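Protein sequence lines, in the order shown, are assigned to chains R and B.
The numbering of the first sequence is my numbering, which starts it at 2 and goes up by one.
The numbering of the second sequence is my numbering, which starts it at 2 and goes up by one.
Since the hints were derived computationally from the structure, they do not count as laboratory data.
Heads up, a few of these hints could be off.
Copies of the same chain are indistinguishable here, so a pair counts whether it falls within one copy or spans any two.
[Said to hold, decoys possible] DSSO-like, lysine-lysine: derived pairs with alpha carbons at most 30 Å apart: (1) 410 x 65; (2) 101 x 322; (3) 262 x 138; (4) 168 x 80; (5) 383 x 322; (6) 322 x 103; (7) 58 x 262; (8) 103 x 80; (9) 23 x 168; (10) 262 x 168; (11) 138 x 383; (12) 138 x 409; (13) 172 x 103; (14) 138 x 410; (15) 410 x 80; (16) 80 x 409; (17) 262 x 409.
Being a predicted model, the structure only gives us computed values, none of them experimental.
Protein chains: 2
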Amino acid sequence: MGRDRIDAYLQTHANDFEEQLKALLRIPSVSAQPAHDVDTRQAARFVHDDLAAMGLKTEIVETKRHPLVYAERLTAPGKPTVLFYGHYDVQPPEPLEPWKSKPFEPVVRDGNVYARGATDDKGQMFTHLKAAEAWLKTVGELPVNVKFLIEGEEEIGGENLEEFVAKNAAKLACDYAVISDTSQFAPGEPAITIGLKGLAYFEIHVEGANRDLHSGTYGGAVANPLNALAEILASLKGPDGRVRVNGFYDAVRDLDDSGRKAFADLPFSEEEFRADLGVRETFGEAGYTTLERKGARPTCDVHGLWGGYSGDGPKTVLPCKAGAKFSFRLVPDQDPAAIARQVRAHVEAHAPPGVTVELISHMGSPGIVVDVDSPGFRAAVKAIEASFGVAPLFIREGGSIPVVGLLKKHLNVDTLLLGWGQNDDNLHGPNEKFSLADFHRGIKAIAHLLDELSRTS
Amino acid sequence: MGRDRIDAYLQTHANDFEEQLKALLRIPSVSAQPAHDVDTRQAARFVHDDLAAMGLKTEIVETKRHPLVYAERLTAPGKPTVLFYGHYDVQPPEPLEPWKSKPFEPVVRDGNVYARGATDDKGQMFTHLKAAEAWLKTVGELPVNVKFLIEGEEEIGGENLEEFVAKNAAKLACDYAVISDTSQFAPGEPAITIGLKGLAYFEIHVEGANRDLHSGTYGGAVANPLNALAEILASLKGPDGRVRVNGFYDAVRDLDDSGRKAFADLPFSEEEFRADLGVRETFGEAGYTTLERKGARPTCDVHGLWGGYSGDGPKTVLPCKAGAKFSFRLVPDQDPAAIARQVRAHVEAHAPPGVTVELISHMGSPGIVVDVDSPGFRAAVKAIEASFGVAPLFIREGGSIPVVGLLKKHLNVDTLLLGWGQNDDNLHGPNEKFSLADFHRGIKAIAHLLDELSRTS
């Protein structure tokens with residue numbers, strides 16, 4: 002089948018691939034920030050051109066916000082069809098101060114490329130493109146039919162992808178879907194993610210009086226939106242780490258003995274985990290281990306809060322408004338829409354008197370679990386073992402990839418979550434990185450996966 | 002005594018006084034912000050030059066931070082000595098966006114001058130200077146001995162004033178102290194403040210992991226400093242508006258029947274108060290009226306909070322640090338040092354596991370009550386009645402003026418709190434203003450006060 006020729010091509014072109022990835026990382030395609038809309042579009046064009054150059058039928062699909070890139074090559078009759086999903090948009094780079102090098106000027110240090118989007122998801126998504134290129138430039142053809150769907154609204158929970166998928170279910174029909182937007186278990190320990198959390202994300206605005214006031218003259222007589230915000234946020238979670246929203250745990254299935262054993266069997270050092278993060282102790286829901294909390298329990302985190310004076314020295318202002326962003330990670334069977342209703346009821350019930358509260362629901366997606374007893378899953382295991390030299394672990398992750406549920410709903414397809422990242426890649430934080438060795442191993446694994454999947458028909 | 006000549010001088014020079022005040026307001030003497038240190042010094046020089054020009058012996062006293070202005074004219078043997086205190090520094094103008102005109106470009110609208118410091122305290126302090134000037138430019142002499150002490154660290158709770166007063170108690174010795182840094186009860190209802198709250202101000206920093214993390218990968222497994230900060234702040238006050246810090250109310254004397262009657266007798270419309278602030282309901286400690294809460298009960302307010310992402314759209318970061326500023330207004334008998342110890346113990350007890358908490362104590366001052374049965378107080382009543390045409394009300398205020406306690410401690414003198422501001426002057430907020438009519442009435446009241454006090458010896 003030409004595996005040797007493909008592997009040789011990957012070796013010969015390793016440097017080219019890295020330079021191409023850096024060019025993509027230089028484009029500040031921050032989907033959340035309208036100031037970067039032109040860059041976001043440029044990243045879509047970059048992906049489009051790369052797919053077109055290797056010989057795929059490629060198009061840029063306009064949406065109400067950021068465009069989608071779609072490409073296909075359906076030249077393997079009788080063979081399965083594989084849909085590769087990825088996203089070219091990135092998280093905002095802020096705060097900028099902690100970055101050791103600029104977020105959109107990729108730099109290689111110690112074998113890692115540092116840049117916003119390096120691992121999430123430009124670097125990982127790019128492994129799919131380069132694997133297809135290797136087949137086309139050596140064998141001259143792909144062993145399966147392939148479709149690429151690369152979007153620009155993953156980091157903002159855009160609704161345009163779902164609209165496109167729903168309207169184009171026939172066009173997107175496939176036997177397997179593949180996403181590389183997750184992490185390995187640890188360096189040298191590749192993994193397939195078999196569970197993902199869902200997400201329900203909110204923004205809250207609290208307002209008091211019609212203007213900022215002197216806290217001496219008015220303090221204690223009118224409600225303070227900052228105190229009120231703190232009360233509302235504090236009410237979301239108890240000191241035992243459990244979410245206090247009524248009904249929140251109703252649909253959560255507790256871990257059974259085999260589930261707990263699967264977590265306990267994973268190679269994990271609580272001590273190393275703490276040392277890496279620089280914390281004296283971990284903290285989470287009472288009654289569960291760190292890996293269980295990360296993988297199998299719903300959580301609640303505040304992502305940002307603001308209000309009043311944050312400059313030098315004391316200022317005795319009674320501010321008139323405050324706000325925060327927060328979200329819940331959900332496990333399978335928790336319905337994001339139901340959670341959103343429960344959270345709204347909770348916030349209304351816990352808003353102190355004297356303030357007005359506005360709650361905005363930003364995005365929602367359900368959690369998922371993957372069927373490991375399937376031909377596609379077994380093919381992925383073989384491909385990863387061939388590339389990484391070791392069999393992958395099966396892990397449940399705390400991250401959320403809404404598109405997995407979306408593909409299941411509209412295309413009735415299960416997704417293979419083949420992640421090449423590492424847990425300390427700082428995706429969403431400063432100094433995001435991606436191991437170049439893993440970048441190349443990922444390309445090779447996908448190249449082999451195409452071959453393995455061609456045998457499943 | 003020349004009251005007619007003085008009143009005529011005030012009328013003739015009203016416009017000059019306004020222009021001089023505007024020149025002072027143009028100096029951005031923000032004591033909290035080191036970038037404005039040169040402006041702060043310039044404001045000191047402005048005050049110094051004005052006092053020197055009218056014939057006082059004047060000096061600029063260097064401190065470790067912002068200079069003091071001291072001036073005296075001791076040419077009335079056998080007559081009482083009056084110490085006028087004021088401050089030339091101002092609060093930070095931020096947030097700038099809500100200002101209708103620029104904070105350091107004074108503009109007159111509807112008879113009010115709008116600028117940071119207009120009422121707090123440049124405009125009010127300036128009434129003392131212009132009253133002395135009127136005597137010296139007409140009668141040619143002052144009817145009492147006067148001392149001026151104008152500082153530049155009032156808004157940052159600087160400790161340099163106390164050091165100066167303690168070391169120069171003989172030099173500053175006086176029979177009466179006068180401060181105009183408070184408000185009237187309402188337009189047309191002048192007041193003498195007979196009670197002031199104390200203040201204990203804190204800044205808190207909460208840290209979690211050594212870097213920002215992905216909330217999916219790490220959420221629920223490590224403590225979130227933003228959730229922790231919300232919990233700590235929410236723990237300070239209960240839903241009944243009462244402070245929950247252990248021991249906080251120990252020294253608080255409850256209002257007796259006559260105290261409650263004094264508040265109840267004040268002309269006050271809860272409806273107008275709400276309408277002015279644009280709130281549907283007031284909120285404060287259960288069991289007390291709005292005026293009681295404002296004047297006679299200790300309070301707790303958050304002044305600012307920050308942490309994580311506050312830009313556009315959702316960002317699923319688990320931030321590594323957060324912070325806030327908050328304070329307690331104290332009533333007489335509450336010891337700021339004891340409160341600081343109690344707050345520190347409370348924060349330590351309520352800090353959730355997994356985060357490190359740093360508490361900074363910014364400033365502290367005790368609350369005070371004034372003796373209304375004294376010759377100085379009766380003189381002030383007469384002077385205000387002569388200028389405003391109506392007898393002043395006696396009120397207890399929520400604001401804090403630490404220097405009152407300091408003058409009592411080191412000079413053993415009671416302070417007359419003669420405020421010309423209005424409650425809606427937005428001191429410490431955007432669009433701070435000062436009524437020019439009250440500015441001129443204040444000058445006249447002080448000019449008459451000098452005469453009244455000369456008869457008390």
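Hints versus structure:
With identical chains, the CA atoms of residue 410 and residue 65 are at most 30 Å apart within one copy only, with a shortest distance of 22 Å there and 69 Å across copies. Proximity of residue 101 and residue 322 under a CA criterion of 30 Å is satisfied inter-copy only: 18 Å between copies versus 34 Å inside one chain copy. Within a single copy, residue 262 and residue 138 get their C-alpha atoms no closer than 46 Å, and across copies no closer than 93 Å, so neither meets the 30 Å cut-off. Taking the shortest Cα distances, residue 168 and residue 80 sit within 30 Å of each other inside one copy (25 Å), while across copies they are farther apart (94 Å).
Within a single copy, residue 383 and residue 322 get their C-alpha atoms no closer than 56 Å, and across copies no closer than 43 Å, so neither meets the 30 Å cut-off. Within a single copy, residue 322 and residue 103 get their C-alpha atoms only as close as 33 Å, which misses the 30 Å cut-off; across copies the closest is 21 Å, which meets it. Neither within a single protomer nor between protomers do residue 58 and residue 262 lie at most 30 Å apart by alpha-carbon distance, with minima of 47 Å and 85 Å respectively. Within a single copy, residue 103 and residue 80 get their C-alpha atoms no closer than 45 Å, and across copies no closer than 71 Å, so neither meets the 30 Å cut-off.
In this assembly of identical chains, the alpha carbons of residue 23 and residue 168 never lie at most 30 Å apart, being 34 Å within a copy and 66 Å across copies at closest. For the identical chains of this complex, residue 262 and residue 168 are neighbours neither inside a copy (42 Å) nor across copies (73 Å), given an alpha-carbon limit of 30 Å. With identical chains, the CA atoms of residue 138 and residue 383 are at most 30 Å apart within one copy only, with a shortest distance of 23 Å there and 100 Å across copies. Taking CA atoms no more than 30 Å apart as the test, residue 138 paired with residue 409 passes in neither setting, with 32 Å inside one copy and 89 Å between copies.
Taking the shortest Cα distances, residue 172 and residue 103 never come within 30 Å of each other, neither inside one copy (40 Å) nor across copies (59 Å). Proximity of residue 138 and residue 410 under a CA criterion of 30 Å is satisfied in neither setting, with 35 Å inside one chain copy and 89 Å between copies. With identical chains, the CA atoms of residue 410 and residue 80 are at most 30 Å apart within one copy only, with a shortest distance of 23 Å there and 92 Å across copies. Taking the shortest Cα distances, residue 80 and residue 409 sit within 30 Å of each other inside one copy (21 Å), while across copies they are farther apart (93 Å).
For the identical chains of this complex, residue 262 and residue 409 are intra-copy neighbours only, at 28 Å inside a copy versus 71 Å across copies, given an alpha-carbon limit of 30 Å.
The structure fails to meet hints 3, 5, 7, 8, 9, 10, 12, 13 and 14 from the earlier list, while all remaining hints are met.
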